[in-house]
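From just these sequences and the hints, can you work out the full model?
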Amino acid sequence: MANPLFQKSWSPYGVGAGIGMLSWFAFASADHPLGVTTAFENSAAQSARAVMPTIEHSNEYFAKKAAEGKPLKIGWEWMLVVGLFVGAFVSSKLSGDRESSIVPPLWRWRFGPSAFPRLVVAFLSGGLMMFGARLAQGCTSGHGISGTLQLAVSSWIFIIIAFTVGTITTFLLYGKEGARHV
Amino acid sequence: MFESPERLALGLLTGIVFGFLLQKGRVAKFEVIVGQFLFKDWTVVKTMGTAVVVGAIGVHVLVAADMASLHIRPALFGGILAGAVCFGIGMAVLGYCPGTSVAACGEGRRDAMVGVIGMFAGAVVFITAFPLLQPIINGLGNGGTITLPQLTGTSPWLWVAGLVSAIAIKANTRNREKLVVEFNNGN
Numbered sequence: 001m002a003n004p005l006f007q008k009s010w011s012p013y014g015v016g017a018g019i020g021m022l023s024w025f026a027f028a029s030a031d032h033p034l035g036v037t038t039a040f041e042n043s044a045a046q047s048a049r050a051v052m053p054t055i056e057h058s059n060e061y062f063a064k065k066a067a068e069g070k071p072l073k074i075g076w077e078w079m080l081v082v083g084l085f086v087g088a089f090v091s092s093k094l095s096g097d098r099e100s101s102i103v104p105p106l107w108r109w110r111f112g113p114s115a116f117p118r119l120v121v122a123f124l125s126g127g128l129m130m131f132g133a134r135l136a137q138g139c140t141s142g143h144g145i146s147g148t149l150q151l152a153v154s155s156w157i158f159i160i161i162a163f164t165v166g167t168i169t170t171f172l173l174y175g176k177e178g179a180r181h182v
Numbered sequence: 183m184f185e186s187p188e189r190l191a192l193g194l195l196t197g198i199v200f201g202f203l204l205q206k207g208r209v210a211k212f213e214v215i216v217g218q219f220l221f222k223d224w225t226v227v228k229t230m231g232t233a234v235v236v237g238a239i240g241v242h243v244l245v246a247a248d249m250a251s252l253h254i255r256p257a258l259f260g261g262i263l264a265g266a267v268c269f270g271i272g273m274a275v276l277g278y279c280p281g282t283s284v285a286a287c288g289e290g291r292r293d294a295m296v297g298v299i300g301m302f303a304g305a306v307v308f309i310t311a312f313p314l315l316q317p318i319i320n321g322l323g324n325g326g327t328i329t330l331p332q333l334t335g336t337s338p339w340l341w342v343a344g345l346v347s348a349i350a351i352k353a354n355t356r357n358r359e360k361l362v363v364e365f366n367n368g369n
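Which chain is which? The protein sequence lines are A and B, in order. Numbering-wise (my numbering), the first sequence opens with residue 1 and increments by one. Numbering-wise (my numbering), the second sequence opens with residue 183 and increments by one.
Treat the hints loosely; a few may be bogus.
Below, computed lysine-lysine pairings styled on DSS-like, alpha-carbon distance capped at 27 Å [stated by the list, open to error]:
#1 A:K8 with B:K228
#2 B:K228 with B:K352
#3 A:K93 with A:K8
#4 A:K8 with B:K352
#5 A:K176 with B:K222
#6 A:K8 with B:K222
#7 A:K176 with B:K228
#8 B:K228 with A:K93
#9 B:K352 with B:K222
FYI, nobody ran anything at the bench for these hints, they're computed from the structure.
Quick look at the structure:
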């Protein structure tokens, strides 16, 4: 049997079970759920404070975090994001499943091959997505996996609305025809 | 400035395994995520569904054994609603979610790299506008850090059992469909 580490894809059920067990590990070892966007918020707050020191007093965000006992530090969550990049890099290198194109085929079919519009839209949509994640205090990991597995009311509401809106947006962008070009 | 070296190492290790799994699971790909929203490719739902069921069993065992605590985000309905709408639009247009964007960067995807820079910019906008956003976040009330079992006055094990049976039924119908197909093919 081929070494699974060199394979390009694993069963979604196997990967899902692995992520579920990784949640156990995160709760047991760090008393922390898997989540990605808090690290971005934390880095953004530290950067804002470095560029504009007065913001610490003018913006209630900083007092609120201090009151919650959550000082701005580079910590577990931040390293999780670094690890995410490293893990995906190693996995894709081992299997040769690398992708360096800028414009995905479906986007090319709908909006043309030009890289510039795709990158501008990627920047803006990435920003909107993160803005939304911080408004709701979680993303696909923090709410979608970690929150729903804890049976949190906030997380089930979030993921149902987010995925419904995502589906509607996708059909508005690509239509039914789109499915033939994925 | 930094947490303890042990916690940094634990976070890094957990992240590496997470990124490895997301890449092998093919969920760090534009076509797989958008394919899910178009009902063409069910990889995302299968992966997330299994992760939630398996995770729920172990985490509730750990909490019952007093080896971990629950970390529930508050049900601030305004923030959840407005956030989920922005998030859904952003994720569909970008074609990656936050975690899979970072994993897609590891895979070499250039559009995801620009997306991650945009994500940082979005976080800066959120921090800067934080005082102005309070009426939106708190506008529809706060349900508190509440779980479905607490809301309904039921045992969490009932819900975990429900999740497990949902997956078991799904797997069972899938096997039966497979048998029918095999039967029709004369096997």
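Q: Mind listing which of the numbered hints don't hold for this structure, in increasing order?
A: none
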